[in-house]
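*Asks:* Okay, here's what each chain looks like letter by letter:
Protein chains: 2
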Amino acid sequence: MATQYIDMETLRFLLYDVHEVDQLLSTDRFKNYDKEALDMLLDSVKELSDKEMFPYIKEMDEQPAVFKDGRISIHPQFEKVLKMGGEMGLVNAIFDEEDGGMQLPASITNAAYLIMEAANNHIPGYFGLAAGAANLIRVFGSQELKDTYLPKMSTMEWAGTMCLTEPQAGSSLSDIVTSAEPREDGTYKIEGQKIFISGGDHQFADNFIHLVLARIKGAPAGTKGISLFVVPRSAIGADGSLTYNHVSTLGEFNKMGQKSYCTTHLGFSDGGDSVGWLVGEPNQGLRYMFQMMNEARIATGRMGTGIASAAYHASLEYAKERPQGRRLGSDGSKDVNEEQTLIINHPDVKRMLLLQKAFVEACMSLITEASNFVDKESTTDGDQKEYYHYLLELLTPIVKTYPAEKGKEAIDNGVQVLGGYGYTTDFILQQYYRDVRIISIYEGTTGIQSLDLLGRKAMLKNGAVLQELAKVIQGNIADASKYDELRPYGKTLAMNLGLIQEVIGSLMPYAMKGDHQRFLADATLFMDLFSTIIAGWQWLKMATKAKELLITGKGTASEAFYESKIHTMKFFYKYEMGRTRGLAKIIQDQQDLTLADAPVEYL
Amino acid sequence: MATQYIDMETLRFLLYDVHEVDQLLSTDRFKNYDKEALDMLLDSVKELSDKEMFPYIKEMDEQPAVFKDGRISIHPQFEKVLKMGGEMGLVNAIFDEEDGGMQLPASITNAAYLIMEAANNHIPGYFGLAAGAANLIRVFGSQELKDTYLPKMSTMEWAGTMCLTEPQAGSSLSDIVTSAEPREDGTYKIEGQKIFISGGDHQFADNFIHLVLARIKGAPAGTKGISLFVVPRSAIGADGSLTYNHVSTLGEFNKMGQKSYCTTHLGFSDGGDSVGWLVGEPNQGLRYMFQMMNEARIATGRMGTGIASAAYHASLEYAKERPQGRRLGSDGSKDVNEEQTLIINHPDVKRMLLLQKAFVEACMSLITEASNFVDKESTTDGDQKEYYHYLLELLTPIVKTYPAEKGKEAIDNGVQVLGGYGYTTDFILQQYYRDVRIISIYEGTTGIQSLDLLGRKAMLKNGAVLQELAKVIQGNIADASKYDELRPYGKTLAMNLGLIQEVIGSLMPYAMKGDHQRFLADATLFMDLFSTIIAGWQWLKMATKAKELLITGKGTASEAFYESKIHTMKFFYKYEMGRTRGLAKIIQDQQDLTLADAPVEYL
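Protein chains in written order, with the working numbering: chain A, 1 to 603; chain B, 1001 to 1603.
Warning: the hint list may mix true and false statements.
[Claimed, not checked] Think about it this way: if two alpha-carbon atoms lie no more than 30 Å apart in a straight line, the pair counts; the simulated DSS-like pairs of lysine-lysine are:
#1 A:K334 - B:K1461
#2 A:K58 - B:K1068
#3 B:K1334 - A:K461
#4 A:K68 - B:K1068
#5 A:K513 - A:K585
#6 A:K224 - B:K1334
#7 B:K1554 - B:K1031
#8 A:K152 - A:K83
#9 B:K1585 - A:K471
#10 A:K585 - B:K1471
#11 A:K31 - A:K152
#12 A:K513 - B:K1334
#13 A:K224 - B:K1482
#14 A:K471 - A:K491
#15 B:K1513 - A:K334
#16 B:K1217 - A:K334
#17 A:K585 - B:K1482
#18 B:K1461 - B:K1385
#19 A:K513 - A:K461
#20 B:K1058 - A:K58
#21 A:K58 - A:K68
#22 A:K491 - B:K1068
#23 B:K1152 - B:K1080
#24 B:K1482 - A:K334
#25 B:K1513 - B:K1585
Honestly, the hints are just simulated from the structure, not real lab data. Keep in mind that this is a model prediction, so the values were computed, not measured.
If we strip away everything but chain A, and leave its shape as in the complex, we get (with noise of 0.2 Å):
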């Protein structure tokens, strides 16, 4: 078994050195820590996680979420943990004070579900839901709503969810038809049924509050007609009472990975009527659940790199364990009678984890960048508000889907270095492989997530966001190239920035000329152009900070780790930035492969 599940060295480089996240304490918003506090913090989630988590995560897999006589049942540990994580604030943590909330940066709190979800993926997105679902109601709901529901679900007693997907629809929300009626005391009636639902019912909550999207009778089609209601499945009486809510369990979906985190079929107005309240306005139910969605698309890349860097550590550990096989002499043979060598030593051993870790770092760096613009937007006004959002909104959807994509990369060759014990029940490698693979698939698919960048985040303001975060990224060059070492790493991302405009500069003229289907057709290889540059951009920033902290000796870590990111960094430009040119290429290759009808009937 492992013992390693994240390095903590180098998540407080990205928070403290590269990302300067201690900066933000100087503001109104989170004057209340100081970096001696944050640091605590994230020591204690690392306690809890090593202690409560971590030695858990093969029985969740081995002991699957079940479901029995309408209800799901999930494996015991989640008792101790959910009741300690409410109680460490895990819910509210970003929320504000007066709404009882820790407010705490978004960095920091991200850094913590980072730290719990190497440990242990199945348990986190069940805080991550209370929290999303608390936060809608807390935006958007009535201050009866806020005060229903917000107590008990801060403190895990009653669970939260989102419920979006519909049988029918899947990731088609225009085409969901849960309907809502309204009924005589301003409540409505929801009845539908939803599927995918996370966290949906397990043993452990005294209640389930979730968000549904529905639609109120006559209203408008497609998405525009779609609002948001708190269905709770307990209703909840004057004097706290619950009373069952008619919203039933149909099933559980039995899933390759991720098997304690439960996913659940849930039906609304089950034999008597599902009563919702309305949240906010009328028909408002998409934009409000975007809100939640973004947090989620983060949360959902999060937990991908948390997924990855724990495979990491494992097959780490294993490389410089194993012996086997010997080095290659100057002749290319090799000498029997010497003793085996450890597998770390084997250059293609050595390639699959720096990929690897090139992969994570720079994943766990996105994370912290995305959080950081999250901390800057709450903590400025204006302009600058909006500047940050819009950097945020550009950014959300590569965070998502960067950390799934090269998460199965990272991980698939974390198998791999343990070769045939890699796909054995023995190790937790092909568990990470199972687990990660939902991480393309939630909160959006890759190719949904790549219509959005393309489609609208790229061309967000005419293109102008995407300018402003070219002018961050030439700002982080210029200071690269204050070091010789780096100067060559900062030419070639300039020239890479360069190539996305280029790519979209060569698209355009579809978009131009209606024919959309093409502009978007290659969306999915323009994500991972794009999303590989923006990891380029982290990479550079983390060498950068690294090298000054060699020159000034002013870093807490020894030196062979800054050397250790200014290689990696190196790694990833040859083996990673190496790919961009030959991808922006096909990209721009005019040939319609993919429109054409003709092959159709014999695909």
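Position chain B against the provided structure of chain A, taking the given hints into account.
*Replies:* What follows is chain B alone, placed relative to chain A:
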């Protein structure tokens, strides 16, 4: 549940049109067959697969091989299917008639296995191992060994295995320690443990005939001191009675996938002597085993191809039935009043399907190409025989690895086509995703195959074999260039042949100056490059034949069938051949980033 798993029309197109397997029927070796007989054989294998294999694929995942009380038990359907396969001659298909074999072309035998592997990848390995083990005895064993073992192995009454790997050695065969001590009667006492033994024990064979690599006491160190033994689980008395030979089953490796294809841990001389019979000469074991391993490597690639084929058809069927979302209008918006479209009409979904098709059919063609070389080697003499032998040697690591690596990628796309459903156990995609992952590990990992390709095969006869292969490919380019539509793709392929030479040219200096580690450091990327170009070669061959049949009208398939081959070739050249220049550049980059010791401490 999916209904299709392989496209028989494409398989026949590959066998008879592209690779002209029927030309073999004029040779002395295969003159007893005509095309009708071959077709009937493939049809009967398809029928067996339809009825007895495909319906059990999901059950075999859900009811895995189980180790209990010292024995392994597998799914009950194996009783029937192993017997039927034995009766059909699947074990001795390619053996000479004088050895009781069917003397079938390898092209047809591999096509038959491919059909079965696409239907149910948990089953055919049992036949393949019996065939491989029997073939070693047939080719290198004494008449006595042949008489003792071959008849019952060919009917599957007795199973066969190959026992190479040991716990302390892994892929490093020079480190195996299983010992062979001469006994007075000329037999040997075999003592040691073997792990990862596919098909090593189950309840449906009366005996298990293990082909075991072991070291005769006093033999030279390393691979030069390895001998090959037949070690039956039960020794055979003069009267045919079976006596336990102290080959014990110590356990079953529980795997992430391919769960009904058992993977056993065996102990030799456990509680008594395990008697072994030497095959051929002492210390020649590895050379003998390599014959079987080369067959096994083609078989492993074929298995990966089969799984990817099944996943492709399952996701294709889903995409043709599942309505979701709408086509984009000319302004980029969607009309919600329109009916939902089938998801196959979304360009990104079609791209994922075409990518699967492009990988699967390239792999099918590659297997057929390699099989054809096997057949040509077995029907020619002297220089010609040697010519085909070496071409096959060169192609073997690619035939093993390309379907493994691209099979994973293909199936990853198949899962994504189904979105959330693809991740649930209600659909088969998640199983194929798990099943295929072993293919990159079986029979030498991708890393090991890549070292073989760059370090040995590309260098065979100082590169002359590679030159011969290039000549074959240039011949196919010339054929393609007769057609205006195909000429540009022929040029691209020619450029790519040059690229391989260029890359080797820039790596050779490392080998010359004795820096073999550096020479081979990026062998895995070289494999990606070389094998993608080989797949591009197969696609050009397919498109050329399709074009010819379209023009002459002599084909038996529809025009749309042939058009789809040309279309998919173009797709492959855009999306896959488009990657090769970037890949070459990465390999040619001179930075040594995986050899340096510096970052290991902080990996």
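*Asks:* Is the hinted pair A:K471 and A:K491 satisfied, with a Cα-Cα distance of at most 30 Å?
*Replies:* 14 Å, holds
*Asks:* Starting from A:K334, check that the Cα of B:K1461 is at most 30 Å away, please.
*Replies:* Within the cut-off at roughly 21 Å; holds.
*Asks:* If you draw a straight line from the CA of A:K58 to the CA of B:K1068, is it 30 Å or shorter?
*Replies:* 22 Å, holds
*Asks:* So if I understand the rule, the pair passes when the alpha-carbon distance is 30 Å or less; does A:K491 with B:K1068 pass?
*Replies:* Answer violated: A:K491 to B:K1068 is near 62 Å, above 30 Å.
*Asks:* Need the status of pair B:K1334, A:K461: alpha-carbon distance at most 30 Å?
*Replies:* 21 Å, holds
*Asks:* With a cut-off of 30 Å on the C-alpha distance, tell me whether A:K68 and B:K1068 pass.
*Replies:* 29 Å, holds
*Asks:* Does B:K1471 sit within 30 Å of A:K585, going by the straight-line distance between their CA atoms?
*Replies:* Status holds; Cα separation ~29 Å.
*Asks:* Does the structure keep A:K513 and B:K1334 at a Cα separation of 30 Å or less?
*Replies:* 17 Å, holds
*Asks:* Regarding the pair B:K1058 and A:K58, is the alpha-carbon distance no greater than 30 Å?
*Replies:* Distance ~24 Å between B:K1058 and A:K58 Cα, so the pair holds.
*Asks:* Hinted pair, alpha-carbon criterion (30 Å max): B:K1513, B:K1585. Please report holds or violated.
*Replies:* 22 Å, holds
*Asks:* Tell me if the straight-line CA distance from A:K58 to A:K68 falls inside 30 Å.
*Replies:* 22 Å, holds
*Asks:* Straight-line Cα separation of A:K224 and B:K1482 no greater than 30 Å?
*Replies:* At roughly 57 Å apart (the allowed maximum being 30 Å), B:K1482 and A:K224 break the hint.
The structure does not agree with the numbered hints 13, 22, 24 stated previously, though it agrees with the rest.
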